[in-house]
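The hints should help you fit chains B and C onto chain A, whose structure is shown.
Protein chains in written order, with my numbering: chain A, 1 to 252; chain B, 253 to 581; chain C, 582 to 883.
Since the hints were made in silico from the structure, they are not lab data. Warning: the hint list may mix true and false statements.
Label pairs and their in silico Cβ distance ranges [unchecked claim]:
{"hint": "1", "chain 1": "A", "residue 1": "Ser141", "chain 2": "C", "residue 2": "Gly741", "range": "22 to 30 Å"}
{"hint": "2", "chain 1": "A", "residue 1": "Glu91", "chain 2": "C", "residue 2": "Arg873", "range": "42 to 50 Å"}
{"hint": "3", "chain 1": "C", "residue 1": "Val852", "chain 2": "B", "residue 2": "Leu338", "range": "19 to 27 Å"}
{"hint": "4", "chain 1": "C", "residue 1": "Ile748", "chain 2": "B", "residue 2": "Gly520", "range": "48 to 56 Å"}
{"hint": "5", "chain 1": "A", "residue 1": "Ala75", "chain 2": "C", "residue 2": "Thr755", "range": "21 to 29 Å"}
{"hint": "6", "chain 1": "C", "residue 1": "Leu668", "chain 2": "A", "residue 2": "Arg139", "range": "36 to 44 Å"}
{"hint": "7", "chain 1": "B", "residue 1": "Gly520", "chain 2": "C", "residue 2": "Ala675", "range": "29 to 37 Å"}
{"hint": "8", "chain 1": "B", "residue 1": "Phe522", "chain 2": "C", "residue 2": "Pro680", "range": "42 to 50 Å"}
{"hint": "9", "chain 1": "A", "residue 1": "Pro230", "chain 2": "C", "residue 2": "Ile759", "range": "51 to 59 Å"}
{"hint": "10", "chain 1": "C", "residue 1": "Pro680", "chain 2": "B", "residue 2": "Asp433", "range": "20 to 28 Å"}
Facing chain C, from chain A, some residues (calculated, C-beta under 10 Å) [as the list claims (entries may be wrong)]:
{"hint": "11", "residue": "Leu56"}
{"hint": "12", "residue": "Val69"}
{"hint": "13", "residue": "Thr72"}
{"hint": "14", "residue": "Ala76"}
{"hint": "15", "residue": "Val104"}
{"hint": "16", "residue": "Met155"}
The structure displayed is predicted, hence computed values, not measured ones. Virtual Cβ for every residue (Gly too), placed ideally from N, Cα, C.
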Amino acid sequence: MTAPVALVARDIEAGYEPGLPIVKGATITVGHGEIVALLGPNGAGKSTLMKAIAGLVPISRGAVLLGDVDITRTAAHRMVRRGLAFVPQTENVFTTMSVEENLVLAGHIAPAGTRAARVAAMLALFPDLARQRRLAAGRLSGGQRQMLAVARALMIEPSVLMLDEPSAGLSPKLVGEVFAKLSEIRASGVTILLVEQNARAALAIADRAYILADGRNRHEGAAAALAADPDIAAHYLGLGGADAGVGGRIAP
Amino acid sequence: MIDLLGYGAFFLVNALIFGVLCLGLNLQWGQTGLFNVGVAGFAAIGAYASAILTTPEAAERIGGFGWPILAGWLAAMLIAGAAAALVGLATLRLRADYLAMTTFGIAVTIQVVALNATALTGGPFGIAFIPRPFASLAETPIAFNAANLALTAAVVLGLFLVLETLTRSPWGRVLRAIREDEAAAASLGKSVNFYRLQAFAFGGAIMGLAGAMQAHFIGFIAPDNYLSILTFQVWAMLIVGGSGNNRGALIGAVVVWALWSLSSLAVGTFVAPAFQARAAALQIVAIGMALAVILLVRPRGLVGERATVSRDVEALHDEGAPAHEPVRD
Amino acid sequence: MSLQFLADGLFAGALIGLGAVGLTLTYSILRFSNFTHGDFISWGAYLALGVVSALTGWIGPAARFMPFSFGWPLIVGGLFAMALTGLLALALDAALFKPLRRTGHGIVMVIASFGASLALRAMLEFLFTSEPAYFSRAIQIAIPIGFGIRVTPDQAAMMGLALVVVIAMHLLLTRTHIGRSMRAVSENPALARVVGIDVAAVIRATWLIGGALACVSGIMLGLTVQIRPQMGFDLLLPLFAAAILGGIGSVWGAIIGGLIVGIAEAGAVQVIGSEYRSAVAFVLLIAMLLVRPRGLFGVREG
Numbered sequence: 001m002t003a004p005v006a007l008v009a010r011d012i013e014a015g016y017e018p019g020l021p022i023v024k025g026a027t028i029t030v031g032h033g034e035i036v037a038l039l040g041p042n043g044a045g046k047s048t049l050m051k052a053i054a055g056l057v058p059i060s061r062g063a064v065l066l067g068d069v070d071i072t073r074t075a076a077h078r079m080v081r082r083g084l085a086f087v088p089q090t091e092n093v094f095t096t097m098s099v100e101e102n103l104v105l106a107g108h109i110a111p112a113g114t115r116a117a118r119v120a121a122m123l124a125l126f127p128d129l130a131r132q133r134r135l136a137a138g139r140l141s142g143g144q145r146q147m148l149a150v151a152r153a154l155m156i157e158p159s160v161l162m163l164d165e166p167s168a169g170l171s172p173k174l175v176g177e178v179f180a181k182l183s184e185i186r187a188s189g190v191t192i193l194l195v196e197q198n199a200r201a202a203l204a205i206a207d208r209a210y211i212l213a214d215g216r217n218r219h220e221g222a223a224a225a226l227a228a229d230p231d232i233a234a235h236y237l238g239l240g241g242a243d244a245g246v247g248g249r250i251a252p
Numbered sequence: 253m254i255d256l257l258g259y260g261a262f263f264l265v266n267a268l269i270f271g272v273l274c275l276g277l278n279l280q281w282g283q284t285g286l287f288n289v290g291v292a293g294f295a296a297i298g299a300y301a302s303a304i305l306t307t308p309e310a311a312e313r314i315g316g317f318g319w320p321i322l323a324g325w326l327a328a329m330l331i332a333g334a335a336a337a338l339v340g341l342a343t344l345r346l347r348a349d350y351l352a353m354t355t356f357g358i359a360v361t362i363q364v365v366a367l368n369a370t371a372l373t374g375g376p377f378g379i380a381f382i383p384r385p386f387a388s389l390a391e392t393p394i395a396f397n398a399a400n401l402a403l404t405a406a407v408v409l410g411l412f413l414v415l416e417t418l419t420r421s422p423w424g425r426v427l428r429a430i431r432e433d434e435a436a437a438a439s440l441g442k443s444v445n446f447y448r449l450q451a452f453a454f455g456g457a458i459m460g461l462a463g464a465m466q467a468h469f470i471g472f473i474a475p476d477n478y479l480s481i482l483t484f485q486v487w488a489m490l491i492v493g494g495s496g497n498n499r500g501a502l503i504g505a506v507v508v509w510a511l512w513s514l515s516s517l518a519v520g521t522f523v524a525p526a527f528q529a530r531a532a533a534l535q536i537v538a539i540g541m542a543l544a545v546i547l548l549v550r551p552r553g554l555v556g557e558r559a560t561v562s563r564d565v566e567a568l569h570d571e572g573a574p575a576h577e578p579v580r581d
Numbered sequence: 582m583s584l585q586f587l588a589d590g591l592f593a594g595a596l597i598g599l600g601a602v603g604l605t606l607t608y609s610i611l612r613f614s615n616f617t618h619g620d621f622i623s624w625g626a627y628l629a630l631g632v633v634s635a636l637t638g639w640i641g642p643a644a645r646f647m648p649f650s651f652g653w654p655l656i657v658g659g660l661f662a663m664a665l666t667g668l669l670a671l672a673l674d675a676a677l678f679k680p681l682r683r684t685g686h687g688i689v690m691v692i693a694s695f696g697a698s699l700a701l702r703a704m705l706e707f708l709f710t711s712e713p714a715y716f717s718r719a720i721q722i723a724i725p726i727g728f729g730i731r732v733t734p735d736q737a738a739m740m741g742l743a744l745v746v747v748i749a750m751h752l753l754l755t756r757t758h759i760g761r762s763m764r765a766v767s768e769n770p771a772l773a774r775v776v777g778i779d780v781a782a783v784i785r786a787t788w789l790i791g792g793a794l795a796c797v798s799g800i801m802l803g804l805t806v807q808i809r810p811q812m813g814f815d816l817l818l819p820l821f822a823a824a825i826l827g828g829i830g831s832v833w834g835a836i837i838g839g840l841i842v843g844i845a846e847a848g849a850v851q852v853i854g855s856e857y858r859s860a861v862a863f864v865l866l867i868a869m870l871l872v873r874p875r876g877l878f879g880v881r882e883g
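This is chain A alone, in the form it adopts within the complex (with noise of 0.2 Å):
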């Protein structure tokens, strides 16, 4: 039996350091088989509740449930053995490793007769890289290099995919590649959860979308609802008028 929902995370405060909060009680839910985007202004946590839901963040209040298995306390290396993958925004390659040994070493996790298999489905899904088998990553162009990171990530055959803003750095024409490929992976069943930035190509492709501010929900609903809203666009989205900025961007 299945749970109801791939992903839940319910009033979630997470920060890097005790007493200072970036997400201040946000509460997202990720049904099987959904796109789900985290939009929100710069500063806004998103990326930070990500991190935290991947475990790289601590929480200190909140619930974290994969399926039906409460993943707060997680350590964040045994998050790919429960199923959930992670793309980070960048350094998201080992870029000393040739593409080859990156597919490899993420899939360490399956069962040793599976893993070639593993790696002929990733270069067959991503044909592009099949070519540079052999080339060290950081000689990938920054499109390839977000390829082999999502690559790596289904490795593990992942019940949910998360993906902090990939399309950040590409250009639009492949913007548009990465994102067919996520709608793609989707089909073939894989739950997704992204942040992103560039909100129209994010609504384009999910189902549903949470609007961050303040570390809090701001407002959630059907993407296509959403990107019709004329006031959320221009408040939130950065689709229209200007930024409207809330905080600034978070201090590093």
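Below, chains B and C without anything else, positioned relative to chain A:
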């Protein structure tokens, strides 16, 4: 009683000379975050420089210029400071670890030179007959030790006041800003490396002065005085006293030197001569472990840094240990 | 000038290289220059000596593998000692470095390692005094191998051992999961965790491997020269120089750096005499930092 007073003065002179070394290290590490594992090397440079310049002419080696002691001290500062500036020029722009390796290397190299450049340094036998301040009082040890204590205390006090003034000056604030957040200091338009170089060179000069003071007080130097144990003692003193704090550096020097002298005394008194070498080794083990425990339990030392300096003493050059790597927005 | 210095330099270089491999691994994964690495070398040699003495005391002296000076007790003892040295490194990490890592200040670990290095060395002096010890009193006859070069059978065996160890390390890093994980953690610890690598386990493996490699250098040095509490500490500067020369994190770089340092030292002995041998490593270190701080094969800028 008189003997005890004399010994007390003798002990304090030694402890305060260590205090000078500590003040130098505190300027480099405590104030500026520059790691130096070659304290012994800079002390050796100062000691040998002053010894070579001030000793009377000797047939078997170069030097023996018979300079006055004060001139020897100043030359010691100048030469040790220049050596520190050279090391700094080569490594300050790199990671902190490289400075550690280089300063370690210079200490080893100076040791090798002291041991082998016999024509200059006297080789393994070192240099003797280094003029001692108040040598005319040497007949009455208590007067001699008391006079030297007064001189040493005056130097320490003067240096302490200079360093305290510098710490509070805009220059000192820039150093701490660099230590706390290099990027922020650089964005203020301060030439980070030049400030670090100044601090490192001045710290090296202070160590050179300490080396010279010790050489002149004892009257004799040999390469064995400048092994890595000396560097280690100075570090232990600074850590115990609390880095970033000049007063702490001096207190640490006296406390650690007292512990060291007492345990040496105990080893000498209670351990049979055949086992003294082993007991001395155990003494080093104990001090090494004590340092580790202090680092673990009281990383800011016994006195610690005062509030003028912001809270995190060791923050500079934090490369982020793997288990701790923050992943940021 | 005889070419003998080349052979001597190659041998010393192999030994330095092996030590530098361990140093470069711990540096690139734990991110601090570990001053105790030299003392792991000394401890490795004494541990091997201890196990060998225990073995021969227990079952009596064993026959030598002619023409070498050692027999199977050294091989068994060496393997034991490698494990023990690895455990020593692991224990030091658990007691000292791990708690300091939690506070996150890399350079404090260097100070701590400097203190621990002194304590480890003094502990050896306490246990064994500073008198040199030997694996064997057997006199080795150096055999001419042409070009006026002579090597002892032990030296040849140790060169072979060094080669085997380096190839094994290369295979470990490129063909096994733990090896790839070590490379991953050294490049990007945060991403390594995301990929599912247990960084704590990788750190443990690194200490074990680094300690074991240090032990091998200690045995090589002990077998061909002598065993002293200071032996590893005296090697520390050449180790740093080799690791920097080769580029931090590069195994082959560390070996080649070691060979360069070894041959340069041997060459300098020919030219300026043996007194200044230990300064050669320092000159190479400074020169490399000035010219190319990331080393010959380094991937990261310092």
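Hint by hint, here is what the structure shows:
1. Ser141/A / Gly741/C: 22 to 30 Å: This hint is violated: roughly 45 Å between Cβ atoms.
2. Glu91/A / Arg873/C: 42 to 50 Å: Since the Cβ atoms of Glu91/A and Arg873/C sit about 24 Å apart, the hinted range of 42 to 50 Å is violated.
3. Val852/C / Leu338/B: 19 to 27 Å: 24 Å, holds
4. Ile748/C / Gly520/B: 48 to 56 Å: 53 Å, holds
5. Ala75/A / Thr755/C: 21 to 29 Å: 27 Å, holds
6. Leu668/C / Arg139/A: 36 to 44 Å: The hinted range 36 to 44 Å holds for Leu668/C and Arg139/A, with Cβ atoms some 40 Å apart.
7. Gly520/B / Ala675/C: 29 to 37 Å: 36 Å, holds
8. Phe522/B / Pro680/C: 42 to 50 Å: 34 Å, violated
9. Pro230/A / Ile759/C: 51 to 59 Å: 55 Å, holds
10. Pro680/C / Asp433/B: 20 to 28 Å: 25 Å, holds
11. Leu56: Result: holds, 7 Å to nearest chain C Cβ.
12. Val69: 16 Å, violated
13. Thr72: Violated: closest Cβ of chain C sits about 17 Å from Thr72/A, beyond 10 Å.
14. Ala76: 4 Å, holds
15. Val104: 7 Å, holds
16. Met155: Where the cut-off is 10 Å and the nearest Cβ of chain C is about 9 Å from Met155/A, the hint holds.
Checked against the numbered hints listed earlier, the structure breaks hints 1, 2, 8, 12, 13; every other hint is satisfied.
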